[in-house]
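Peer 1: Here is how the chains run, residue by residue.
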Amino acid sequence: MRAYLTSPRFLRAALPAASFAILLAAIFYVQPRAMSYFGMNLMLQYTVPIALATIAQMFIITVNDLDLSIGPFVGLTACIGATLLADTPVLGLLALLACIAAYAALGALIHWRNLPSLVVTLGMSFVWLGIAVLILPTPGGTAPGWVKAIVGLKTPLVPFPIIAAIVIGIVVHVALMTSSYGAVLRGAGGNPRAIGRAGWSLLKIKMVMYAAAGFFGVLSGLSLIGLTSAADAHIADRYTLYAIAGVILGGGEFVGGRVSPIGAVIGAMTLTLTGSFLTFLKISPDWQIGAQGGILIIVLALRALINRREG
Amino acid sequence: MLNKATMGASILATAMSVGAGVADTSDKRIALSNNYAGNSWRQAMLGSWDKVTSAAVADGVVAEAPAFTTAENQVTEQAAQIQNMILEGYDAIVINAASPDALNGAVKQACDAGIVVVSFDGIVTEPCAYRIAVDFKAMGRLEVDYLATRLNGGNLLEIRGLAGVFVDDEISAGIHEGVAAHSQFKIVGSVHGDWAQDVAQKAVAGILPSLPEVAGVVTQGGDGYGAAQAFAAAGRPTPLIVMGNRYDELQWWKEQKDANGYETISVSIAPGVSTLAFWVAQMVLDGKDVPQDLTVPFLQISQDTLEESLANTQPGGVANVEYSLEDAMAVVAGK
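Residue numbers (our numbering), protein chains in the order written: chain A, 2 to 312; chain R, 11 to 345.
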C-alpha cells in the first residue's frame, strides 16, 4: 500500500487534486466567507465553461495536435447561442451543428494534407472571430431561457458548478479512458502507425476527436452565455491559453496521447481559483498574471520531479 | 485639477454640512471594478478615484474604497472579479465595464446579494444597476453648433476615434446630425485618429493633399494637436480645430491664442467622473433617492477658461474635474 502511495504513477495522478485542495484551503483561510454554498457557487461558476473548453482542448492534445482557436470558437458559439439559438432555435441548432461539423472537417483536412494543426487552427481562430463579429457586431444578444435555467440551477447541498465538474470529468473519463474505442483514440496519439497498421482509420479518429472538441466547445459557449446572459465576440479570447494550461496542469502531456479528463477538469478549476485567491490576497492585478504563471510553474516543476523518478 | 488643500477642505466642509447623513455610511465599503488602465484618461480616472476616496476614508465617510483593474480587459475576467467582490462583502461596487451586456449576469448576482452597483463611462445594461452615462452624441452635435456660431459655413474634416468602438460611432453620429442641422457645412474628409496625436497627425497628413480648403476640424479628443501639426507641416492655413482637453492640445491652443488670438473650444469627458460614481454609490447606500439613469455633463473649456484649465492640467494629462458630494447631489438633482 505504502509503495503504491509513493509510486510516481500515483503521485502524478494525485498532483492536480492536491494542488487544487491546497489552493482551496488557502482561499478558505484568507476569505472564510467563500466556505459556503453561496461562496463556492460564485467562485466556481466560471469554471464550468473553462472546464468544458479544457476538455475540448484535451481531445485535440490527445491526438498530438494543439488547438489555438478554441477561445474564439467558444466566443462564436456564444454569439450564435445569444442570437440565432434564442430567436430561431432550429436555425441556431443547425448553426451549432455546422460548427461541430466544421471542426470535424478541420480534423480531416489536417490529417489528409498532413498540415501542422498549429497553423490551421491559428488561421481558423481569425475565421471564428470574424464570423462571430458578423453575427453579433456589438456586444449584446440574450441567452435562451433554458440555458440560463440549467447553468443557474440551485442544486441541493452541493453547488451546481461542482456537480457539473464531477459529471463532465466522469463522463469523459468513462468514454475516453475505459471504453475500447477510447483506447484506440488515445493510441492514435501514442503510436499512430501501430493503430493504422491494426486497421483503424486514422482519418476517422482525427475527425471523431475534432468533432468531440467542437461539441465541447459548443457546450462551453452555451454555458458561458448562461452565466453572462449576453455575448460578445471577444468573450472567450483567453480560453485558448486557459484550456492548454488546464490540460497540462491536470497531468496531460503535449504528445503521446497521455491525458487525464478528470485531471483536466481539476486543472481548469485550479486556474480559475488562482485568480480568486490572488484577489482575496489583494495582490494588484498587474502582478496577478505573473503570479498565476508562477503557480503554474511550481506545479509543473513538481511534476517534472515526479517524472524524473518515473523515468 | 483643484489643488489638494482646497480639495480636502471642500470634502471636509461637505462632510460637515451633510452631518448626520454621512455617518450612516461610515462602515460601508465601496469597491471600484475597472476593466482597463492603459491610457492617460484611465490613469487620470484612477488617480481621481484614489484622491477623492482616500480623503473620504480619512474623513470617515466610508470605511474603505479600493480600486481593482483587470489585467487584460476581458469580460470573463471582470465578471470573475465582480463575483470575488460579492464574496468579499462590499456594500457597493462601482464599475467601468468591459462590455455593456456581457457582465449582466455578475451584476445581477451582486444586486441579488444586496449590493449597490453603479456603472459609469463603460455602463452596464442590467436594470438593477445605476448608470452614469455620457451623451456622446450631444458632444458631437455641440462641436458643430459651436462651429456654426463662428463660421459662415465651409468644408469640415472629421477625425474619428478607434474604429468599431461604440464611443466613436456615437460621437460621429452626433457630428453628422449637427452637420445635417447646419447645412452650410459639408464634411469633405474623414479619417481615424484613434484618439492619439501621432496617429491623427499621420492620418490627417495623408488625406490633406486631396482636400479643398478646410474651414473647420471636428474631433473626438486626443487628436486636435496632431491635426494642427499636420496642417502646419503641409503649409496650409490653420483651420478652426475643436480640441479635446488634452494637455498638448491646450498648450498649443494657448500658444496660438497668445500669438494670433486663435479662438476655439475644447470638449471632452472629465476622468473624474469616477468620483461622481463614487458619491452616487455613497448616496444610494445613505438611503438617498437617486434615479437609475444619470447623464454626466462634459467638461468644456472656452477661450476664457483656457489659462485656468491649462494651469490645472498636468503635462501629458487630461483636463479634469473631481466631484464633491455636493457636486454629485447637484448632478442627481438634475442641475
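Derived from the structure by calculation, the hints contain no laboratory data.
Careful: at least some of the hints might be erroneous.
[As the list claims (entries may be wrong)] The list that follows gives simulated cross-link-like pairs (lysine-lysine, BS3-like), each with its CA atoms no further than 30 Å apart:
hint : chain 1 : residue 1 : chain 2 : residue 2
1    : R       : Lys118    : A       : Lys149
2    : R       : Lys267    : R       : Lys147
3    : A       : Lys155    : R       : Lys118
4    : R       : Lys196    : R       : Lys298
5    : R       : Lys298    : R       : Lys267
6    : R       : Lys196    : A       : Lys283
7    : A       : Lys283    : R       : Lys38
8    : R       : Lys212    : R       : Lys61
9    : R       : Lys61     : A       : Lys283
[Said to hold, decoys possible] Derived CB-CB ranges, DEER-like:
hint : chain 1 : residue 1 : chain 2 : residue 2 : range
10   : A       : Phe127    : R       : Thr248    : 55 to 65 Å
11   : R       : Ala340    : A       : Gly153    : 38 to 48 Å
12   : R       : Ala183    : A       : Ile299    : 44 to 54 Å
[Unchecked claim] Per the computed footprint, the stretches of chain R lying under chain A, defined by three or more beta-carbons under 8 Å from a beta-carbon of chain A, are:
hint : region
13   : 71 to 81
14   : 105 to 117
Because the structure is a prediction, the values reported are computed rather than measured.
By construction, the Cβ of each residue, glycine as well, lies at the ideal position given by its N, Cα and C atoms.
Peer 1: Look at each hint and say if it fits the structure.
Peer 2: Outcome of the hint check:
Proximity of Lys118/R to Lys149/A is assessed by CA-CA distance (about 13 Å); at most 30 Å being required, the pair is judged to hold. Distance hint between Lys267/R and Lys147/R is fulfilled; the C-alpha atoms sit about 28 Å from each other, no more than 30 Å. Of the pairs offered as hints, the one joining Lys155/A and Lys118/R holds, with about 16 Å between alpha carbons and a cut-off of 30 Å not exceeded. Note on Lys196/R and Lys298/R: the hinted pairing is violated, with a Cα-Cα distance of about 47 Å set against a maximum of 30 Å.
Pair hint Lys298/R plus Lys267/R does not hold up; C-alpha atoms about 45 Å apart against a cutoff of 30 Å. Between Lys196/R and Lys283/A the alpha-carbon distance is near 53 Å, which puts this suggested pair outside the 30 Å criterion. With a C-alpha separation of about 18 Å, the suggested pairing of Lys283/A with Lys38/R holds against the 30 Å cut-off. At roughly 36 Å between alpha-carbon atoms, Lys212/R and Lys61/R are farther apart than 30 Å, so this suggested pair is violated.
Our distance criterion of 30 Å between C-alpha atoms is met by Lys61/R and Lys283/A, whose separation comes to about 19 Å. A C-beta distance of roughly 42 Å is found between Phe127/A and Thr248/R, which places it outside the suggested range of 55 to 65 Å. Under the hint 38 to 48 Å, the C-beta atoms of Ala340/R and Gly153/A, about 40 Å apart, fit the expected range. Range check, Ala183/R to Ile299/A: Cβ separation about 51 Å, and the 44 to 54 Å hint holds.
Note: the region 71 to 81 of chain R has 5 residues with beta-carbon separation from chain A under 8 Å; the three-residue rule is met and the coverage holds. With 8 residues having a Cβ less than 8 Å from any Cβ of chain A, the region 105 to 117 of chain R passes the three-residue criterion, so the hint holds.
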